[in-house]
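Engineer: Mapping of the sequence shown onto numbering that gives the first Met the number 0: position 109 corresponds to residue 108, and the numbering continues sequentially without gaps.
The hints are simulated quantities; they were obtained by calculation from the structure and are not laboratory data. The C-beta atom is built at its ideal place from N, Cα and C for all residues, glycine as well. One should not assume that every hint holds.
Unchecked claim - Taking CB as the label site, the calculated pair distances span: (1) GLY103 <-> LEU389: 43 to 49 Å; (2) GLY49 <-> LYS197: 43 to 49 Å; (3) GLY305 <-> PRO196: 46 to 52 Å; (4) GLY252 <-> VAL181: 29 to 35 Å.
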Amino acid sequence: MMMSRSPILAIWAHRNYALLMGGMAPNLLAGWMQRVGVGWLAWELTHSPGWLGAIAAADFAPMLVLAPVAGATADRGHPLRQMQMAQALILAQAVALTALTFAGSMTIELLFGLSLLLGVLQPFSVAARHLVVPTTVPRDQFATAIALDSAIFQTSRFIGPAIAGLLIPLVGVGGTFAANAVGVAGFLLTLFCLDLPKPERKRHGRKHILQDMREGLAYVRSHPGIWPVFLVLSVVSVLIRPLQDMLPGFAGGVFHAGPVGLALLTASLGVGATISATWIATRGHVRGLARVFVLGCLGISLATLGFVATEKLWVALAFGVLVGFTLNAMSTSTQALVQTSVADHMRGRVMSLYTVFFRGTPAIGAVGLGLLAETIGLRATFAIAAAICLAAWGVAAARQRILAAALESDPRRAAAGGD
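With the hints as constraints, model all of the structure from the sequences given.
Structural biologist: Right under this line is the structure:
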């Protein structure tokens, strides 16, 4: 079978998937350019780890509140339309960020406000995306589609910062913001070119959207595999994922490498993440991913300890690759396992909770770790965080067989497992 021989090549035969990913790739590339620009601008304006944490929190914190709402609205309505509306508003934010920066009117407060606006809009786009991607391929190709989606995201994560590192010294951070505005506009145009069937929706009657949200939480909590995986992922997200938001502080305050060093550090995480996502995509099935998840928790704890133990940039880059590899192995395996087993009518709400745990909870860590770093330094702060995650790995390792039985033996997965 083609799927068993070359799952990555087979997935591109689906027009809607190819079109969606083709439009998303440059958008993600430009988005990572802007992310580097925002981080470096915040550091230049303040030289404060606390402000770096606050800017990261503005980006992530809305996920904690709005992701469940966004997931419920996507389950109720038309996810593609929701994604189109969210991207149109994100385009307006990108244009405003560009204009204020080139006009020389940007302040840390304005930067915080615009980051918060983006944080408010992203949950609605992300929730819809979790529903749109599976509709572009057959169920037995979910694992490959999701992993390849992640691989594209992670590839942009090291190419985008590399371009930003070259662009910022030439035209300033405003160039990264302008590039993002162009990328968002192109992706928005692509979304209007998709030809997807209108999703079938159950009649909700007079049921309140809060009831939908509670149903989603109850579904996750009753699942013996999803709930423990989400909890372990949230520990790593709170304690280690903010490392990438503190990279401007490491680049400027620890390695003294400037914006080029920041781009290299960000790119190193992206390289590792791309390798892991591509590896999972080539598997074409979900068997063994529970073990990958558990080993990823151990790996990211050890890699973070290595990252903060050195003052040499080239050593940190090597450990950065490992951090990116293990973190993405955890997140991509979680997505693949959950997406192939969740009931279709619950998909938006369940995946929105994944978004809360993986993208929302880092806001808590970014603020707390940023404030702690003001007192004891970035290196000591993340050494403590990595040690706590080692304890979380011990708990996950003890339950590995239970997780595998719950997530890999579901009857629904027989059709989604590939070979």
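Engineer: All hints are to be evaluated individually against the structure, with a verdict given for each.
Structural biologist: Consistency of the hints with the structure:
1. Checked against the given bound of 43 to 49 Å, the beta carbons of GLY103 and LEU389, roughly 46 Å apart, stay inside it.
2. Checked against the hint of 43 to 49 Å, the pair GLY49 and LYS197 passes, with Cβ atoms roughly 47 Å apart.
3. The hinted range of 46 to 52 Å is satisfied by GLY305 and PRO196, whose Cβ atoms lie roughly 48 Å apart.
4. Remark: the range hint 29 to 35 Å for GLY252 to VAL181 is upheld by a beta-carbon distance near 32 Å.
Checked against the numbered hints listed earlier, the structure breaks none of them; every hint is satisfied.
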